[in-house]
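Add chains B, C and D to chain A, keeping to what the hints say.
Number of protein chains: 4
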Amino acid sequence: MTKKVWGGRFRENINETVDAFNSSIGFDGRLYAQDIEGSMAHCRMLAKQGIISDDDAARILDALTEIKREIERGELRITDEHEDIHTFVEKALIEKTGAVGEKIHTARSRNDQVALDVRMYVREAVERVSGMIKELQKALVGVAGKNIELIMPGYTHLQPAQPVLLAHHLMAYYEMLKRDRQRFEDSIKRVNILPLGSAALAGTTFNLDREMVAKELGFDSVSMNSMDAVSDRDFVIEFIFASSVLMMHLSRLSEDMIIWSSMEFGYVALPDAFCTGSSIMPQKKNPDILELIRGKTGRVYGNLISLLTVMKGLPLTYNKDMQEDKEALFDTIDTISQCLSVITMLLGRVTFNGDSMKKATQDGYIMATDLADYLVNKGMTFRSAHETAGKIVLYAIDRKKHLEELSLEEYKGFAVQIDSDVFKWLEPASAIKRRNITGGTGSEAVEKAINRAKKETAS
Amino acid sequence: MTKKVWGGRFRENINETVDAFNSSIGFDGRLYAQDIEGSMAHCRMLAKQGIISDDDAARILDALTEIKREIERGELRITDEHEDIHTFVEKALIEKTGAVGEKIHTARSRNDQVALDVRMYVREAVERVSGMIKELQKALVGVAGKNIELIMPGYTHLQPAQPVLLAHHLMAYYEMLKRDRQRFEDSIKRVNILPLGSAALAGTTFNLDREMVAKELGFDSVSMNSMDAVSDRDFVIEFIFASSVLMMHLSRLSEDMIIWSSMEFGYVALPDAFCTGSSIMPQKKNPDILELIRGKTGRVYGNLISLLTVMKGLPLTYNKDMQEDKEALFDTIDTISQCLSVITMLLGRVTFNGDSMKKATQDGYIMATDLADYLVNKGMTFRSAHETAGKIVLYAIDRKKHLEELSLEEYKGFAVQIDSDVFKWLEPASAIKRRNITGGTGSEAVEKAINRAKKETAS
Amino acid sequence: MTKKVWGGRFRENINETVDAFNSSIGFDGRLYAQDIEGSMAHCRMLAKQGIISDDDAARILDALTEIKREIERGELRITDEHEDIHTFVEKALIEKTGAVGEKIHTARSRNDQVALDVRMYVREAVERVSGMIKELQKALVGVAGKNIELIMPGYTHLQPAQPVLLAHHLMAYYEMLKRDRQRFEDSIKRVNILPLGSAALAGTTFNLDREMVAKELGFDSVSMNSMDAVSDRDFVIEFIFASSVLMMHLSRLSEDMIIWSSMEFGYVALPDAFCTGSSIMPQKKNPDILELIRGKTGRVYGNLISLLTVMKGLPLTYNKDMQEDKEALFDTIDTISQCLSVITMLLGRVTFNGDSMKKATQDGYIMATDLADYLVNKGMTFRSAHETAGKIVLYAIDRKKHLEELSLEEYKGFAVQIDSDVFKWLEPASAIKRRNITGGTGSEAVEKAINRAKKETAS
Amino acid sequence: MTKKVWGGRFRENINETVDAFNSSIGFDGRLYAQDIEGSMAHCRMLAKQGIISDDDAARILDALTEIKREIERGELRITDEHEDIHTFVEKALIEKTGAVGEKIHTARSRNDQVALDVRMYVREAVERVSGMIKELQKALVGVAGKNIELIMPGYTHLQPAQPVLLAHHLMAYYEMLKRDRQRFEDSIKRVNILPLGSAALAGTTFNLDREMVAKELGFDSVSMNSMDAVSDRDFVIEFIFASSVLMMHLSRLSEDMIIWSSMEFGYVALPDAFCTGSSIMPQKKNPDILELIRGKTGRVYGNLISLLTVMKGLPLTYNKDMQEDKEALFDTIDTISQCLSVITMLLGRVTFNGDSMKKATQDGYIMATDLADYLVNKGMTFRSAHETAGKIVLYAIDRKKHLEELSLEEYKGFAVQIDSDVFKWLEPASAIKRRNITGGTGSEAVEKAINRAKKETAS
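Chains as they are written, first to last, in my numbering: chain A, 1 to 459; chain B, 1 to 459; chain C, 1 to 459; chain D, 1 to 459.
This is chain A alone, in the form it adopts within the complex (with noise of 0.2 Å):
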């Protein structure tokens, strides 16, 4: 345990276990570079305005650049006795440079300083993690162009539904990508605001530029009101919120696969290398990785729901319990990067199994509704058709037959109408091709999509 920075009107030192309960270096020594970056902005601002001599911030910004290398050369170790990344950053100034460092925490709190270096960590992270989704939504466009022709049965309530492409199926998630991209991002405007001169909580005496300090650091503005600005954790909660609908995504992508992998649809085969076995079941080749990610989606929950636990009722400004925003962040952040690079070359590597899609196809009547359809077009109301069609299939059931080994006669006997252009019609390519509506799954419409998604992930 090293000397605290207000120690002055302590007449005890900490108790030790209380000292390592409260300390965050454990986990906050991640923002180095940000406290870093974030102290010479400050620095040279302050020399700017006057408030400590150029040649005090000269020696201040090299002792900064110093730490920094020596840091992630591994040379200065961060180290647990130390309060938190600010303080340790501060001692080793004050070591480098002796009095001159202990001018660097003029105008400023570590309240404010917080704040900064977790902006500036979350603004990063949602760049890299808005870059990585769109490796994803490639993927996604990757596989889904190269399986363009295999035709698969739609579902919902996990009966089959309707025909559809894959290639459609699979860019259903690639808009619910779209969707966490715009998140993440429209995220940003509430992130990169500059705290810096809020001080404790009032804002400074000192006459500082708040303006330079954003600009140097890249914020789009600069704070407001002080008070907010030092217990504002919003920008947090809004991140792991954006991670938890990514998470939801993932988890029913992984649903999907992990259906279609299992013996009895066999729509998909995933490679070895990303499948694990079993200690005991020599047969087993299991879906681990989809299941993991699946199963990570409580646990990005759970970082949602224990910031918000946190953040409630607390009453202004700071108060300790927010340095518990930083775990719940970088769990957050490390668990949909992992998620997020491992679907993206799984996706890489997945082989479909276009016999079993296309059997399926026909086992589940599911032309049913384009029979409905056949009879709206021959001049039956909907209301109508789907109650005719809806006999004709537990017709066909009660037979044991598929819709397309009922002879004309049969068809005839629930509705004069049908005529034999009806067999054509009842397949499932022909059911593809007269979807090209926007948004539908014919081939048309789905190759625009994967065009339209490829310019939108080109940059």
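Please keep in mind that the hints were generated in silico from the structure rather than gathered at the bench. All the given hints hold, so there is nothing to weed out.
No distinction is drawn between identical chains; accordingly, a pair holds when it is met within one copy or between any pair of copies.
As a list, the in silico DSSO-like pairs of lysine-lysine whose alpha-carbon atoms are at most 27 Å apart:
1. K391 with K378
2. K189 with K178
3. K91 with K378
4. K134 with K189
5. K448 with K189
6. K455 with K189
7. K455 with K215
8. K391 with K3
9. K378 with K4
Keep in mind that this is a model prediction, so the values were computed, not measured.
Then chains B, C and D, alone, in the frame of chain A:
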């Protein structure tokens, strides 16, 4: 129980308990206006595209108009024997128009219909809630303006930290609410997309003009993937998330006001009309309203977790689990609307006790930071200044004196640089004056913030 | 709005919107029977202790009996202008008895009264829910018994693992439900404690006989700390937690059945009366009921988080936030009651497709573990046996053969120890026979489990 | 990366990123002692049943003992290239014993093995946590006993309500913790069940003596359904739930102490060694420890939601999602252990300010209930007495007088029954004396409670 729209293929009627369990009309009746408006736009488009005749369309439109009017007048009651609001409206239509009404469901499924209705509902809710948030912002600005001269201790860790203007404290909530409105409004771009035309999941076989429907109903665009369109509930979850953060902010405001209205703080007096008493303790006047708002935060968080859980791991496309979205959404809308309305009214009636606040600014050594800043201005490094000020505080505590009660000699005992100007410097009002940095608690800075806020909420 | 029970100290009536927001009668009306029963016991005790006269007590008791009867008959309607059920009953009492009724609230506060009512309500709910769980257990035992000979693949990771009896799979849920009942019943010792006598928070000044009231109302003991008694909602949260785990189990059972009722698995046929169709797809028969149960899991989880959030960080003792407990509790009770009832009915009507199951046991190399065990019995170490069996499986997959289709020569190519008895050994039915260990899937073991279960659920 | 235990059927090695993602050794290394102890019992039983030879067993047991010792001494490091702790131990065993070690996994799967390890771990955690809760209870009893004469205002809605003993307030937490211990201990009957013998999911084909293993490892019984045994994580979730309620209680205690240590309340002084200061404000002494405990409540709630989400809707039996149970469990155990330890230490060092408390009992009209009770004793009905007392309070507020400062004439103006004995009656100490009902705040009642508590925590 009425005849189902899907009976053709079933041999047996639905079990009554199951029917009650399955039915959503008990809560989705709320969507009747959206459902009818959507059906009317769909109908006009079907006619324009020649899918139904102009005469049929006219009869359907007349009947739908009538149905809406009858519901609004209470002549047509939405009763529990129907499965959902969609079948209720369709049946009412068929009762009025016979077989003609059976055509309305052409090229449509309840899957895209319910997505449409809920999107329209959320869109309106966002607008209404955004307006209510603005009203609350105005109320805050009003109270801040009226009490612009009141100085109070600003708190961190619920310990007096530095003097601030009450108005500055209140304006912190203005900033939070600004982000809340932004979040609701950002979500609109993901809400305001027409799903109709997606049919059950694969798109329809009919030649629809989706853009026409989108335009009529005020949507910005049409959905780009039918499978996504019927299984997307992101926009509902995002609404509840924005509501959760809003409630978190309201819970903090409530907490602040509950603490301030305690006998011990005594900063605020709530109007009798906004308090309740005790059935046993005659003296009690309790801030129930604020406590209820704080408590209802849990309810909205619960709704968020509810829907995130529902959607986790669902395979594509629509699954009946999703029916759970509506009650959570409606409860959230009702809850935040009530809370916003009640707290806005309350703020219009609170009175602040400037004397209690002033007294508190004298009791808490809250000028210690300014004392340190004073020492820095006299040439000390910040770290030494902080240490010295800490020792002075400890010295004063031991003698049960306020900082301003120490003599100049006593001060000089700690630092010879200290001069008689220190006493003026240590007045809370001086501290306020020194903090006119953007976002700070200086009177000018706060007045600027209030004026900016007035402009932002003017329209 | 009626006159408040706490008006004396107030100059101004409560604002109407605030009154509506504050009022709980819209949901706590449900507690009328508990409230009246509790008041009657309180009244008898007050008389016995000489705090009120016997005559007054008699009049109060008569009036309360009458009020209860009138509510049950619908003659007295619980209407919204009252603050809560306690004041509603008190006012009805005063209307019937005049000033005498004003004595009922002696030595009591709504704080201990509502705690009493809710405890009585939860106690009854635990009993009812516990009975419903038992009914579901019986239904499972019934289905297991009826289908005792059916063999299916057991799954891990949704991949076929080893042959099991369907009955064994179903009995796994029996065990989960047993724990659920236990959890509900364990909670009773924390529910069944009389809070009355705690008054507002400090205990009453009257000489009550709390043990008498406890005995009359069937409580096991009286609360030991008045401040805890009025601010404890653990028992509500614990009920919702037990419900959450129950729902988690039902969500897994639903998931299993949804997958089994997919066309691709085809293991189970749900009765038409428990399914619903599609408004557009005539062939659809959807397992909506099971999906709804799975979905409603989210709702109960949400209620859990809701109350945990409400209680977090509340200072002692009662705070109005706690009023939020009731809706979450009631919704949970209703939800789990419905789900239990519906799934129990459903299980009584499902039929299983033994042929599909049997076929699946042959397709999935699920005898590979038994092949390894065979090799261990022939002297190999387990790890070598596992490795060898894995290679045999890979060899068979490459040749698109089932394990039983390999020749003895082929087997011997992998391990000379293998003999012709391997073929008998590799029949799924043999695998079942070999697993009669306690808890295993052997027919005898499962029959024993069924018989044990019958005894456990007999009473 | 080391050779997998399941490689036989795989053509391709696992991808390295996938391996890192899939691997659990980073956190399940914690289970090494349980894993080894379980393996030793399994081994002894295999020998006793003649499944492996006594010689082999002896060599395995020796090697396992050695491995455990080496790990404890740091000679054998648990490194990341292994998949999990089970394979790590198995490999270390095979390295020491060659082919003999390959026999340890006979009749066992990692599915039942990990269930065993975690159950043993949770069992120990329950015992340890239960002991720590008892220490905290003792600390509360100690502080209560030392401060038995201090009177303070009891609060509802954070408004002064009635006088209570500080000891009574503290003992409310004793009761909460008693329930917490009970909940942990009740869970043991669902934890302490041996899963071994369930193998992968179906039970093993070997003739095991499960009861022998259960007895050796201290389990109360063996699991009754193998499929349930490998997919049951109820006991983990139940542990985290009990922890959530515990944390909720600690968050309330923290909140009380944070409020009490505010300058405005001033009831409690925290020792310097348990507080921290500010990097900028020299006067600050913040109750960080209490805030951190309050904040960490969110973390444990998050872990609860995490696992409930993970398990929702999983088909039987084991799925890899379940691997997520461990980190949430371990983090919960660590968090509650730290919080319990720190707050217990803190309570041993706090000092209370009886003067502040006493002053507050005079300021808040908290004798109004006793005034009403006085009137009831003089013959008024409770409702009239309440109304009258309310009016007297209002009268006193208007004149800025305390109740005891009103003259007898003024009192008589409200109710002629009031006599000069009212002044004695209205002393807070009298109110305490009148509340010696069981559970009340009377000194005798509280002393009894303290003595009862001492007995309950004596062992």
